[in-house]
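Sequences are here, hints too, so could you generate the full structure?
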Amino acid sequence: MPVTVFLILFPLIWAFVIFAIRDNKVRGIAAYIGSGTIIAAVGVLFVQWLRNGRVPIKLFYNTETADHFILAGEIVLMLVVTYLCFKYHKYWISVLSIVPTLMLAYFELMGPELHTIPHIYIDHLSMLMCLIVGIIGGMIIVYAVGYMEGYAHHHPEFEDRRNYFLGLLFFFLSAMFGFVMSESLLWIDLFWETTSVCSFLLIGYTRTDEAVHNSFRALWMNLAGGVALAVGIIYFGYQSHTVAFHDLIDLSTQMHMAYCVLPIALIAFAALTKAAQYPFSTWLIGAMVAPTPSSALLHSATMVKAGIYVLLRLAPAMAGTLTGTMITFIGGFTFFVASIIAIGQSDGKRVLAFSTISNLGLMVACAGVGAPETVWAGVLLMIFHAVSKSLLFQDVGATENAIGTRDIEDMHGLLYRLPRLATFMFIGIAGMFLAPFGMLISKWSALRAAVDESNILLVLFIVFGSATTSFYWTKWMGKLISRSHETGDRLKDITRRNEVVSLTVHAVLMILLCILVPFISKVYVDPLLIEMFGKYEDVLPMGVLYTMIVVIAFVFLVPIFSYFIGRKMRANVKLTYMSGINTGDNTMFVDSFGEPKRLWLSNYYFRSFIHPHQLRIFSQILTTAVLLVMMSMIIGGAL
Amino acid sequence: MNHTIFYAIGAVLYIVGAPFLGCLMDGAERKLSARMQGRIGPPLLQPWYDFVKLLNKQVVTVDRAQFFILTSYLVLMVMSGAMFFSGNDLLMTFFVLSTTGTFLYFAAIVPSSPYSSMAASRELIQEVCYEPAVLLLSVGFYLATGTFNARAVFSQNTSLVVFLPGFLASYLFAMIIKLRISPFDVSTSHHAHQELVQGVTTEMGARNLALFKLAEWYEMVFLYGVVAVFILNSSLVSVLAAILVDLVIFFCFVLIDNTNARVKWENMLGLSWAVTGLCSGVNLLILMMIR
Amino acid sequence: MGKRSVIPFGPQHPVLPEPIHLDLVVEDEKIVEAIPNIGFIHRGLEGLAPDRDFQKYLYVVERTCGICSFGHGLGYVESIEGIMNVEVPERARYLRVVWAEMARMTSHLMWLGFTADAFGFESLFYEAWRIREKVLDLMEMTTGGRLIYSVLKVGGVLKDITPDMQKKILDDLNEIEKETREMTKTFLDDYSVQTRLKGVGVLTKQQAHDVGACGPMARASGIACDMRMRGYEAYSDLGFEPVVAQDGDSYARCEVRINEIFASIELVRRAFEHMPKEGDLSATVKGNPNGEYFARIEQPRGEAIFYSEGHGKPNLDRFRLRTPTFANLQALCETLKGAEYADVPILILTIDPCISCTER
Amino acid sequence: MSRVMKFAPVILKNLFSKPVTRRYPAVPIQYPEGDRGHIEIQIDRCISCGMCVRSCPTGTLSVDRMKGTWTINRFDCVQCGYCVLKCPVKCLSIVPGYQEPEREKASQTYQKSPEVLRAEAEKRAKQAALAKEMAAKKAAALKAKKEAEAAAAAGAAAQAVQSADKN
Amino acid sequence: MGKVKKSPWLLHYDGSSCNGCDIEVLATLTPVYDAERFGVVNTGDPLQADILMITGGINQQNAPVVKQLYDQMPRPKVVVAVGTCACSGGVFRECYNMLGGADSTVPIDIYVPGCAARPESIMDGIMKAVELFQKRSDEHDQYEKEHKGEAGPVDPNINTARDKVKMQEMKGAADA
Ligand code: SF4
Ligand code: SF4
Ligand code: SF4
Ligand code: SF4
Ligand code: SF4
Ligand code: SF4
Ligand code: SF4
Ligand code: SF4
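Residue numbers (numbering that gives the first Met the number 0), protein chains in the order written: chain A, 0 to 638; chain B, 0 to 290; chain C, 0 to 359; chain D, 0 to 166; chain E, 0 to 175.
Some hints here could point you the wrong way.
Said to hold, decoys possible - Chain A stretches covered by chain C per the calculated footprint, using a threshold of three residues with CB under 8 Å from any CB of chain C:
1. 575-581
2. 596-607
What the hints assert, rightly or not - Straight-line Cα separation of at most 20 Å, EDC-like style, residue types lysine to aspartate or glutamate; simulated pairs:
3. D:K12 with C:E32
4. E:K66 with A:E594
5. C:K2 with C:E32
Think of the hints as simulated: they come from the structure by calculation, not from any bench. We put the CB at the ideal spot given by N, CA and C, even for glycine.
Pasting the structure below:
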């Protein structure tokens, strides 16, 4: 099926095309064409797959040449990384790239004779990832064209390398498609490393000291995961003479092969770094220095999901094992702690970053438990999170371009100043936590599954974490809707058309998802579970479904209805209460010197209560310790 | 089928009757408080008089949006209560309840007035305090009965309180917070003289305040109703027992209300999480072990 | 502005019985900056002195404040008596002490109530005020007024306390003491109350000294300054000891005031013991004040200074009044630094503010 | 634990004992003797001297001597009792019972009875006559004195002239 | 046409008083007098208040505050002046800083004299105010009936660009 190859190769080639185009206008058009093509191709793939009766597509059994390209690609990557490491005097990081690459090369050339396997394998999960990567990635590129124009305008201090930036985005999409469609672990490893390097390059885009520093942190953490991945693959290859991902899981779940424990643990460990779980979460926060489209695309909607993707695949194999326990703990803990730290942030992007880490944590935990219900929850969480985070990141970026800051405090009364952007933001946030929308139903089933699995820690993490999660989201929403500090000055909405297109698509998607949850669950996620576990549980009982539909109807209809009643109401509008010293409107009061003073209201951040910095260090130490202990237990048990 | 009708009647009874019951309880609380303070106190129906008065006043508002948010708040509150009394999924009910809280937060923060906004933030903190306890309650319930459906209690032979004493404790603690009983009346107090003036209701006058009161009555009945879940079982005597227990708890709450200073939000957060973690957590552990 | 909020606090605010305004800058709920503003209640009664004759002006001075109006009257007549060298009869001096101490009790009980209210303890507030009514009844019985007494005159007092009244006062005081002890246990020992008072608004001895704090505010920080130690009126005969605490926090201030209630009860008892059974109520006063005099009185809130200056005319030329709260406002600003918003009412109250006297 | 809910004993005691509330207005107020409520006047004893008017710190009072009225604005009076103290004939007194709240501030005027007024008028007339007589007498005396002085002065002047001549 | 008189909620503002009357107002609420018997609640919030209770006279600085609070209260409302100071300025009437009694700034419906006004007297004042409150409420209902369906008036002060000059005007108005 050539579409699959097209999906990998086209973005790759297009990346170079974009890179080569010097003219901004032409490049923009080229980018539109590129993203349109990608979305269309994903659509075609999806239709083909559906036509095929949704049975897994397995392709490319004999790939002598391709394998050589893959190996060559690995080596090129290694060289690039080594060069950059030397250029910026981070010599030791290059070791993390050189060692696994050489090991893999040795394994491929000198290693055991491997069974013939399909190299591309598209099942429900891969298809889902393709859809997410294709649609969201395509839209984000559309957005990026407009955004980077504004970015270049607002930040003349940075060299304008838009061609490089857009090119990298395409390059990344190529790697991402390759990653989710590959069955061969060797291929997976290459694409894995490629995404790491893309992320690294994008973080360093502005070439400021901070950016460079952060980009190398991201690099070494991801590469460290890569090392674990490579070791896991090689170990598995030597033991079983196959490098097919599905074989690994099948051998583990059906044959109960003891040698699978170690590779699974190592690959899961690698996934932890990619999914930015504690103690590796710092790279994701640092990644926020990159221009917004890359944050939206790589650092929340898709690349970090690669970790989740791997873990979800491994889920059946992890169920009930020590690895599963470790992953669940790390995920649950990250969910809880990151949400607490998010409370202390006022920078919109940082809140989004911490919330990403936190939500990824929940997904990781879901995968770690490995029960059908939790995987169900994990998959839904992933879908919702991808769309709403992408929406939110883009929206914060657009807002920043309009009001010159992305501090949430400065978004006070945004609904009256920039109604369109604020509405999009509202939708995105509501989708993230508000009952009965999307994420919440997933939490519901995650909680139930955790109880079923008697995982008390996870129960507590979810219960407390969801309280803190709603705290920071709610206060953000509150900021948007509260009356402005200024009197009625509406700002000019300078959001570009292409940005709006992307935002609108996302918002519509978000709403559709919220409404269609039951449908998606029935039609897509349940078959996915059957494919993965061979059985499925009716996760959403009918009663809950009905209730949910009623609640959704209410949550939509009641405000609308009462809004219209309220408009007609005979009401006398009074000044707000300011201890009797208003100055005639709601924005100022008479201060102690008899002068008018502007009222200013801020949210709570609990900085002095939760000490985000200490908390972060504490969690890093704790999770490192847990990882060390559990990994050595796993390794000790396996050897 | 019979049962469905039975539960539908439960919901209807709640929707119609809760305001009156809530109003009476409110009045009783004020009267009882007054007697504890050595005075005669208002008539039992005082909250009703207040309610009627508020509806009869000139409709004032500081922000038109507040009315529609408050209406949504009220409707959602009624809905979560009705969901509960019709024996629906408990966890879902509580999630809706937390959305209800969010709407109250919106109503308080939308006018951008100093005290109302600060109170809104505190309201949100309160939510963080009680939400874990409430969610854990449904978890405990699920563990004990194997379902989230509240109606399952009627098929139990023993009252759930036997299995879930810790959950009850932390739920009661959460209830103190939710009912704005001193020492946890940090966002709004039923008594005057709050450091935040009237807290979240600062910018609510006349009809808006009436809506808020109405929602509070619904909430009160709902919350006391949840206590009954711990007591009820398949025997009819348990209904009496549940009412009795509710009365005792009502009295204790009034007593607590009158014997404590308002704590700061930090203490409230620490205390409530500690209580929830300890009581519910230990109970949860035990339940999971014996399962 | 970042994460800070700028909000007005007062002048109309339910926790404040009197109007005072603070511009507050808070972060979360921590106070970053607090700028007070007064003047909402300023009347300018000192300016009336040249328009009223010195006898009549007493009734104006009494209304400086409705809480310890007796003390203000007392300070004023002392300053006039000082100028005119009037010897006040002994019985009148004892009567003055009795009333002054009972006024102090009402003031402190009232303060306890307000403070309880500030930390949201309504029933404790009511209990304190319930007891306070009993003292007020005694005041009304002896002076004819609940808050504004008008029993003083230059040279003595206008009313006498009959033996019947005296007996009733002593009986009631026993009961009041018992009830107050029962009630104040809650202030001193209750856990929830302690979380709101202990360590809140600490004013060290040095700070108290530097900002010139006075009254219970200073005494709670370990400074044993009490004008009654000077022994004006009959205090010198009563073996007066100031009540002092060391911690300087809100709890210590509460403790000092509570103990002063009991000290006052004791002083009233002693005063009745030592009081001459018979005697004139007032000395005759002839002529007009000619000269100047400073009188210093210990009001419930601390040292009040009365300055009168006359030049032989019926009207004073000048009257000045330095009130205790005025001196303590500076201490308030000191304690507000870095406090929590929820503590603001408590901090304002623990200086026992009397804005009406501060602004006169 | 003993430090939690310390207030409960007091609260419970209150709950089970009679409320302390005075049931005003159902039960009237019990004033102690000598309570300062409002000013009463025995108007017929008043001599309209105006001492009270001059002594009142709020300027509440006014007196019309000719009409024989004494007016008080009870919404201005602060019940200080200074007027009572100053009244030379002690016709004022301060007694329990306060002025009822009203929709309007109104002053109250007390009118002396006609007999007293008449008596006063007579007295005044008598006094006037007396005064006239006295004045006449005084004038006559003055005149006589002046004349004497003038004479003396003239004599003295003559002497002075004489002595000057001597020098 | 509901019975509103059973629920009078107070807003107490302390003008330039000596404290005496404020304390008596509060004493009215405490157990010995317990005004809550008549449904009285001391709310600190003008938006929720029915009866504005002013103690003390009015000076330059608090006049705008009193006016502001009065304006914020929803109709029907009743204003009660408690104490001689609030009625007419009392002993401070001639002080240089005083504008006079509370009626110098807002219309007063009930005058409660006394220095300090006794709690019983304040309660009488509340009773009188309550009757007036009921009467006005009935009138208000009538008005509402006649104006059904019309959009409510908007406070002209809201959302107008405001600057220092405007504030000065307010102060000036208070002075005048
Ligand atoms: S003393 Fe101060 S308040 Fe008084 S007039 Fe002068 S400046 Fe104004
Ligand atoms: S100098 Fe002093 S006494 Fe004279 S007017 Fe100024 S403040 Fe008043
Ligand atoms: S207190 Fe001091 S500063 Fe204030 S008016 Fe009096 S003398 Fe002046
Ligand atoms: S008298 Fe004192 S307060 Fe007034 S200006 Fe001078 S230094 Fe400042
Ligand atoms: S501080 Fe002054 S005015 Fe206030 S109560 Fe004390 S003496 Fe009275
Ligand atoms: S009592 Fe005082 S205020 Fe009243 S009339 Fe007599 S002197 Fe004037
Ligand atoms: S002082 Fe006495 S006698 Fe003179 S006018 Fe007044 S009431 Fe009459
Ligand atoms: S009327 Fe009297 S008690 Fe009331 S505020 Fe005025 S002076 Fe004070």
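Taking the hints in turn, this is what the structure says about them:
1. Restraint check on the segment 575-581 of chain A versus chain C: 4 residues with Cβ-Cβ distances below 8 Å, three needed, restraint holds.
2. Check result for the segment 596-607 of chain A against chain C: holds, 12 residues qualifying (beta carbon to beta carbon below 8 Å, three or more required).
3. The straight-line distance between the Cα atoms of K12 of chain D and E32 of chain C is roughly 44 Å, outside the 20 Å bound, and the hint therefore fails.
4. This hinted pair checks out: K66 of chain E and E594 of chain A have alpha carbons roughly 18 Å apart, not beyond 20 Å.
5. For the hint pairing K2 of chain C with E32 of chain C, the CA-to-CA distance comes to about 14 Å; that is within 20 Å, so the pair holds.
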